[in-house]
Structure formats: structure tokens, C-alpha cells
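K.L.:
Chain by chain, the residues:
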Amino acid sequence: MREIGEQPAPFSLPGLDGATIHCPDGKPTLLFFFETDCPTCRLTLPYLNRLSQYMGSESATIIGISQDDDSATGEFATQAEINFPIAIDRDLMVSRQFEPTAVPTLFLLDGHGKIVRTQIAFDKSELNVITTDICKAAGKEPFVLAKPFDGNPDTKPGCTSRHLEPASEGAVAAGPNLFAKQGSRASLIELADDVDPIDYCLEAGYDPLPVIPPTKQRVDQMLSAVKFPPDEVIARVPPNYAAATVEKIAVGAVMAGCRPEMMPVLLRLVQAACDERFNLHGCQATTHFAAPLIIINGPVRHEIGFVSSGNVFSNVARANSSLGRAFQLILANIGGARPGEIDMSTLGNPGKFSYCIAENEEENPWDPLHVEMGFSRDQSAVTLFSAEPPRGVSEHNARTGRTVLKAICRALATVWTYRMCAMFEAFVILCPETCWEDIAPRRLHQRKTREFLFDQTGSHCELTMTMTPKGHSSPDFTNRSSLTASLAIANSRDPIK
Amino acid sequence: MPTILINPFDESRREPRLPAPRLDRLAGKKIGLLDISKPGGNFFLDHLERLLKDRFAVAEIVRLTKPTFTKPAPDKVIDSLLQARCDAVIEALAD
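Protein chains in written order, with the working numbering: chain Y, 1 to 497; chain P, 1 to 95.
Among these hints, one or two may not hold up.
Unchecked claim - To give an idea of the interface, some chain P residues facing chain Y are shown, with a C-beta separation under 10 Å as derived from the structure: (1) 6; (2) 8; (3) 18; (4) 47; (5) 49; (6) 72.
Hints listed in this document are in silico derivations from the structure and should not be mistaken for laboratory results.
Beta carbons: idealized from backbone N, C-alpha and C, even for Gly.
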């Protein structure tokens, strides 16, 4: 919505009576955006009629801007006995220019068209302020337009402005073809010589951080690493279900700093993420602080340079960081989950910059994740998990592996919230020295470790039962006994990986 | 030589659709209430149901619940709503 101090361009609209209405006209002007089926607009009208009567047309102008057609507006104006000029905003161009979020909205303009006051919906005190302002600007004595206890409420919310509703003649417009295998080629953007490409990408919203400009040359080089045609649709990315073509994925790869040989992994990753079973839609649109965590397994780790040692969750290697970042750029720019728009996360997740780890299979005394899930060691795999930000457990003083695991259990019990930790899954990622020195030598095998975590994890809850001997209600006769119980993190061991 | 960039965004054109016409009145209508299954949604919708019946003389209320709020409504729920032939559906949640 346009704000105080701004000066939208002058406009002319056809009036209900056939005459053209111009704004500004040199006088203080009150614009009243309304819809004919909006009860709050109807509630506001008698006040504006009174204001118009008081002001006269010499010292100030009041213009009603209808967002509906001539016939509905004419009927409405007659019913409501509107005594000021009404303009018909047929294609909502003026509404789009002033951007009222709701109707009714009032804009008070000075004689040059600069906005000096705004009011959304119905609010008696605001209406009186705007009345005072227009009276002063027009050299008239201010008065109380909306009195308390006049039978109307002090405030009433309005309706969505028409220009924010899906507005077109396309009542039966076809939705996107979700099954098309071939998409469109991306458009090209030619930059003037004096435009810095990195600044351009920042300004155009490619990412809040600087990116490598996706020049045609760089994208072509990325595309040369795969055999798929550039317009082939690899997946539909929720929540907008837009087509992730090979070319668009390559653009994300370039911007994030991937090397061309990472393209096959990125293509499979996007495909896996958009498989309905993963429910990326939920992850991308939730108010929760989840982000897809990528876990890389198998020989591809060494082929491409994924690092699984110290700092695995942060800036440890180009492969980890750039693959995770490319994936996030694709989700936002193609799938449309952007903060403040469809991505409704309350607190966000630092993983939305990049969230990609690899498993240190060589130093793992147990089976790696992908083997547990049915692949062989010589296969490469990507696993996705909707994860909260990682929470560390630091336990330096434990003398046994069990003590380490108990410390982990305490943290596991706080996944989501300790009050309802029974529905959620969790990944426990152990450092090699913890496995080798503390847990594995004590014959806590993988299955046993998981069982231990499941059995020991929970929120300690104390149920106090009050037993009162029959016939006596005095506290003196009350016995208390406590029962302690644990609420497990999950309803089976399987959700703990 | 000018710099040529490849557009990273979804460029597909979505045809806008008109919203369904608003009901002229609620009296005598059949209204669907779809709970997305967040905890608390039933309290809100129970209250809404009472309001619609008592104050607005709605003739019939159809109550449906999505199996989970984390996913779009499955076809089964959408089909049930279609078969109920409601005049309007209110999808709501409370947390």
C-alpha cells in the first residue's frame, strides 16, 4: 500500500455520471476505495456523505473509487444516496497504483496529489483524524464526524481489495500441466555494460547473498555435464509445482558455485525431493523451522569431494556447501517458497542457506545409512530428512558409552517440545571417536544403541496421586505417592536413525 | 560484449481464476467446514458451526477433516466435499 509522503501518478477515470474525473485537481482530495458488496464500505458511506455535505465541492474534493462495474456501482450509489463523485476503476489500474490492502481505504491527498493520511477499514477515531486534517487543509472548522455510541461499532474490518483477488475472465482457466515432460527454455536477460552482474542478481532477488551470475556460457558448461535435453522436466517443485527443467537446475548450480560434475547428483536430488512421499510441500510451507537435510552416501562422496570429517554441518567443503546451496536456490526460485510469501516459517532455519552432510562411512563401525536402507556399499545415495536445525550434545566427562547416550537422550526428548515428543523422527549423528571409544567397544551394536536411545529417551513426568481417606477431606489425612514415567520420543524404535 | 544471464525463476504463466461468486445470503445454505486437523481446529469450527446455524440460519453443515495438516488435502477429502454439494466451504485451523 502506498504510504504517507508518496505521490502516486495523477490519474483520470470515467465517472458514474459520464464525466471524466481527474486527480489531483489542486484541492485537498479524499479518495475512498470501495466495493459494492462490502458491508464495511456501506457502513462508512453515511459518514462520508455528511463530510461531503459539510465540505462542499469548492474547498475540497471527495472521490469514491468503485472497484466494481458501472451497473453494480450505479445501483449501490442510488441505494446509499452518495452525494460525491464516483469514479469507476474498471481495470483496477488506479487500485493497483495506490495498492489498498482492503476496502474501504481512504487516502487523503494534498493539492499536488501527495498522500498525507491513510485509513484502512472502518475506524471512528481514524475517521475523525482524517476529517480534522481535510478541514484544516481546506480552511474549514474541524468537527467530530463519527461520534461514539451512534449505533455503529467503533471499528469494523473490511474486505480484500479487488486488485488482490484473482481478477480475470479466466473462470475456467486451465491449471499447469503437471505431467508435461517437456518444459520451456528459460528467458535470457541482457545486461547493459554499466550494470554489475553480481549487483543485478542481488537486486533481482536471485538470493540474499551474492551469487555467481548465471551467464549463458556458464550454464551451457553446466549443461554439458549431463545428457538430458535442457528443456526436460526433472520434477515439479512444490509448493508452486513449477517445472524444474534441466536448464533451470543448471542455473541454480551455477549460482551456488557447483562444479559441472555435480549436476547428476543435483538432478537426482531434486527428483527425490519432489517425490510426493517426501512431502516437500509441507516442509516448504510450514510455520515450523524445518529444512530438508541432505545426507550423501556411497562412492560419490569421494568422486565429487564431499567431506564428512570435522565441521560436517558447516563450511567444510565446496561440494557440501554448493550442492546444499544450489538445492535451496532451486527450491526458492522455482518452487516459490520464499520467506514472507509461501514460506511461513516462524523462526527459519540456517539450513536454508545450505544443509548437506556426508557420512563418514570409513570410520563408522556400523553399517552406513544407505546400507541400512537397503542399498549396497558400492552404490551412491542421497537421503532427505525434514530437519530442525542441528542441536549439539557435548559430553566430555562421561566414563561410559551409556552415559554419552543418556546425554543424547535428554536432547532427543526436546525434539519439537518435551510435552509432545512422541510423534517425531530424529537423526542421531555420532562422531567417530564416540562410536569407537565409547560405544562400539562395549558391544553396544547399532540395533542395541537404537533400542537404548528409544528406551531411555523421554520426558520425565511425575504423576502425583492424592489419596484421601474416605470421609476425611482435611489435608492432614492426605497421603501422596508419586509415580514417575517416561514419554518416549517415538512410538517405535524405527524413527531414530 | 553484453552479459547475458539465464533467468533462474519459474516463468510459467499461471492463468488467474475468478473466485467463486459470493453467496447472497447464508440462510438455508449448505456449508462445508474443513478442519485441517491442527490441534484446536475443532473448537473453532464447533463455534463457527453454532454461529452459522443459530445466527445465520444455515440449513446444513458438513464437517470434514484432513488426515494431516502437513499435506494438501487428499483426493478422498476433496471428492467427499464435491459429493456433498456444499454451497460454500470454509477451511479453517486453530493452533
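K.L.:
Confirm or reject each hint.
P.N.:
Consistency of the hints with the structure:
1. 6: Given a least distance of 5 Å, the restraint on residue 6/P holds.
2. 8: Check passed: Cβ of residue 8/P comes within 5 Å of chain Y, closer than 10 Å.
3. 18: Nearest chain Y Cβ about 4 Å off; hint holds.
4. 47: violated, 18 Å
5. 49: violated, 22 Å
6. 72: holds, 6 Å
Against the hints set out earlier in the document, violations occur for numbers 4, 5.
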